[in-house]
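There are 2 protein chains.
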Amino acid sequence: MAPSPFITLALDAMGGDNAPLSVIEGASLAIKHNPSLRFILFGDQGRLMPFLENYPALQAVSQIVHTQDYITNEDKPSVALRQGRQSSMRLAVNAVADGTADAVVSAGNTGAYMAIAKFVLKAMTGISRPAFVASFPTAKGSCVMLDLGANVSCDSSNLVEFAVMGDIYARDVMGIANPTIALLNVGAEEMKGNVEVQTAAAILKRATRTLNFQGFIEGDRIIKGEADVVVTDGFSGNIALKASEGMATFMTSLLKESIHSSWISKLGGLLILKPLQRMKDRMNPKLHNGAMLIGLGGIAIKSHGGADGVAYANAIKVATQMVSHGLQKQIEEKLHALSLDLAENAEKNE
Amino acid sequence: MAPSPFITLALDAMGGDNAPLSVIEGASLAIKHNPSLRFILFGDQGRLMPFLENYPALQAVSQIVHTQDYITNEDKPSVALRQGRQSSMRLAVNAVADGTADAVVSAGNTGAYMAIAKFVLKAMTGISRPAFVASFPTAKGSCVMLDLGANVSCDSSNLVEFAVMGDIYARDVMGIANPTIALLNVGAEEMKGNVEVQTAAAILKRATRTLNFQGFIEGDRIIKGEADVVVTDGFSGNIALKASEGMATFMTSLLKESIHSSWISKLGGLLILKPLQRMKDRMNPKLHNGAMLIGLGGIAIKSHGGADGVAYANAIKVATQMVSHGLQKQIEEKLHALSLDLAENAEKNE
Chain A
66 MAPSPFITLA
76 LDAMGGDNAP
86 LSVIEGASLA
96 IKHNPSLRFI
106 LFGDQGRLMP
116 FLENYPALQA
126 VSQIVHTQDY
136 ITNEDKPSVA
146 LRQGRQSSMR
156 LAVNAVADGT
166 ADAVVSAGNT
176 GAYMAIAKFV
186 LKAMTGISRP
196 AFVASFPTAK
206 GSCVMLDLGA
216 NVSCDSSNLV
226 EFAVMGDIYA
236 RDVMGIANPT
246 IALLNVGAEE
256 MKGNVEVQTA
266 AAILKRATRT
276 LNFQGFIEGD
286 RIIKGEADVV
296 VTDGFSGNIA
306 LKASEGMATF
316 MTSLLKESIH
326 SSWISKLGGL
336 LILKPLQRMK
346 DRMNPKLHNG
356 AMLIGLGGIA
366 IKSHGGADGV
376 AYANAIKVAT
386 QMVSHGLQKQ
396 IEEKLHALSL
406 DLAENAEKNE
Chain B
66 MAPSPFITLA
76 LDAMGGDNAP
86 LSVIEGASLA
96 IKHNPSLRFI
106 LFGDQGRLMP
116 FLENYPALQA
126 VSQIVHTQDY
136 ITNEDKPSVA
146 LRQGRQSSMR
156 LAVNAVADGT
166 ADAVVSAGNT
176 GAYMAIAKFV
186 LKAMTGISRP
196 AFVASFPTAK
206 GSCVMLDLGA
216 NVSCDSSNLV
226 EFAVMGDIYA
236 RDVMGIANPT
246 IALLNVGAEE
256 MKGNVEVQTA
266 AAILKRATRT
276 LNFQGFIEGD
286 RIIKGEADVV
296 VTDGFSGNIA
306 LKASEGMATF
316 MTSLLKESIH
326 SSWISKLGGL
336 LILKPLQRMK
346 DRMNPKLHNG
356 AMLIGLGGIA
366 IKSHGGADGV
376 AYANAIKVAT
386 QMVSHGLQKQ
396 IEEKLHALSL
406 DLAENAEKNE
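If you read the sequences in order, they're chains A and B. Each residue of the first sequence is one higher than the one before, starting from 66 at the first, in our numbering. Each residue of the second sequence is one higher than the one before, starting from 66 at the first, in our numbering.
Please note that the accuracy of each hint is not assured.
Identical copies look the same in the list; a pair holds intra-copy or inter-copy alike.
As the list claims (entries may be wrong) - Calculated pairs, DSSO-like style, for lysine-lysine (alpha carbon to alpha carbon, straight line, at most 30 Å):
1) 257 to 141
2) 289 to 205
3) 399 to 331
4) 399 to 270
5) 187 to 321
6) 205 to 257
7) 321 to 339
8) 205 to 399
9) 331 to 187
10) 187 to 141
11) 270 to 339
12) 399 to 257
13) 289 to 141
14) 97 to 141
15) 270 to 331
16) 339 to 187
To be clear, the hints were calculated from the coordinates, so they are not data collected in a lab. It should be emphasised that the depicted structure is a prediction, and the values quoted were computed from it without experimental measurement.
Okay, chain A solo, but in the shape it has when bound (with noise of 0.2 Å):
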């Protein structure tokens, strides 16, 4: 059988803090760029139609499979997968699990979806624990890093896993051909860290022609672009993340402060808006929007809840390479290359 042409994506319409409006434009920007995309909306008919009216070349591409119950940002994550069996979220999951679609977009509950996601999706054969996964902004581009979140305690073998995701990740979404690959940890030196990261160190460290393996990172060279990967449990990734944004936050407005503080100094902020856009639109996380739930038994991309149709593009975008350079695929073969390569090097060894 020859593959599809068409790259089908259930969208969870009713997911987000602008849904469905950000939903409908982000799909119908979409497929400006990219004309072989098929949208399933899951969602409640009568609010969806008014949107999708306005988008004729998206509604020709868009079939909706209607439901009114959905997911709200207040659910627990449990009784969201308890009780939300018929919600636009788990029925857009569904799709993937039963082959309906290729991939699922959500910019619903996280907590919510990661729950349905793995209950319904299960984890991929190899994969212990799937894991958070996203890409940043850096002094030198941008770099990958996971787990953001999915798992607050990881023993090293999970670390490992997380390397050979991050690898492929960083190769199929941001184009980059050997990805340098890092570990977080408290300092650079060999010594360092807990038991978990020493042990992924001294196995990743064996794994040298399937992974470029780099040794540890510390937490103020990520932004600058030290490592294409950067790996960590889901605790000290999340508050990496969020101290990062935090302080970004924080000094933007220092800096609107400053240039609002007297007239010469606004005069001043005008002279440097251009440059200060640029700067702005560098760091912009629409441009970044499309975390993923990665090492499943299916593509789930997660957009921010308060994504905009431009940032929810930007997440269609991440499912679409997903789907199209066959992800699972890739991480199960880079693992399979990964054990032989272990071996090998413990032959050597002996």
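Position chain B against the provided structure of chain A, taking the given hints into account.
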């Protein structure tokens, strides 16, 4: 016996990138504000004297203990501990242990200092793991965070001890009457996080009389100043701190780049120079220099390695505050009050 009207500090005069100049300048600045200070300078007399002679007021209250041996930034902690018995750092720490000095300050090799201080001063009664603590600027003023890297893995009772020590540090160094305390976590909801933070939260929640515990805090909320004391394990704390520092440095360099991109933006930069300077002053790490290894049987302050005289003077100020407030005794009393509080609360629940 009446308490001595003087506070005697042991200074590792050879530790730090700018030693001994930064040490001498810092001590000289410190006595201008606090004439009750007395110093014992540990280091090479031949190298110290030319600097010291420029500060006669300092010379009058200082004594040099000569040693030619000192610990470099490249020395491994274990080696420094074994082979550095005559080093300026070790002798300075010894002076606290034998009662010659009230506290020790060093800007030298952090790992070596930690190893030596732990070995010589031991943990104080009731504390199983000393922690690195420091204060940072936030949107509302300052906050205290610990552990910043002394312990890469911590259990719930370590975290509870950190909360007690952080409370005392916030009161003594920052003058906050009833500091709010929060546990760093990946979410604010009760069910979030690993077993260590979950258990610690359950204990702290019961300590209603002794600690002003507010629950969990996420990484992006630290800089907003939503808690006076942020409690975490040394792995996450170190990563949160460095990730924030990295982002601050990155954004500052982007801003500079923006301003230098054209002559128009350079003019704009000139017009906002003053408020930008105020912004920079507010974030100035010099004014927050002086991390401390808290929970030892003596007071040991760590200055940044790159500290200049102003920053070093602030580390001396932190040492002075700790001594004059009787830090150790206060922690002991708080630990005692906590155990009574928890016992009483347990009885009530029976």
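Results for each hint:
1. 257 to 141: between (38 Å within a copy, 11 Å between copies)
2. 289 to 205: Cα proximity of residue 289 and residue 205: in one copy and across copies (7 Å, 28 Å).
3. 399 to 331: Neither: 54 Å inside a chain and 50 Å across chains, both beyond 30 Å.
4. 399 to 270: Result: close within a single copy only, 16 Å intra versus 46 Å inter.
5. 187 to 321: So residue 187 and residue 321 fail the 30 Å test inside a copy (46 Å) and across (48 Å) alike.
6. 205 to 257: Answer is within; shortest intra-copy Cα gap is 26 Å, inter-copy 34 Å.
7. 321 to 339: Both, since 15 Å and 13 Å are each at most 30 Å.
8. 205 to 399: Classified as within; 26 Å inside a copy, 48 Å across copies.
9. 331 to 187: Neither, since 55 Å and 55 Å both go past 30 Å.
10. 187 to 141: within (20 Å within a copy, 45 Å between copies)
11. 270 to 339: neither (45 Å within a copy, 50 Å between copies)
12. 399 to 257: within (28 Å within a copy, 33 Å between copies)
13. 289 to 141: between (37 Å within a copy, 26 Å between copies)
14. 97 to 141: Answer is neither: 36 Å inside a copy and 58 Å across each miss the 30 Å cutoff.
15. 270 to 331: neither (53 Å within a copy, 47 Å between copies)
16. 339 to 187: neither (47 Å within a copy, 57 Å between copies)
Comparing the model with each numbered hint stated earlier shows that hints 3, 5, 9, 11, 14, 15 and 16 do not hold.
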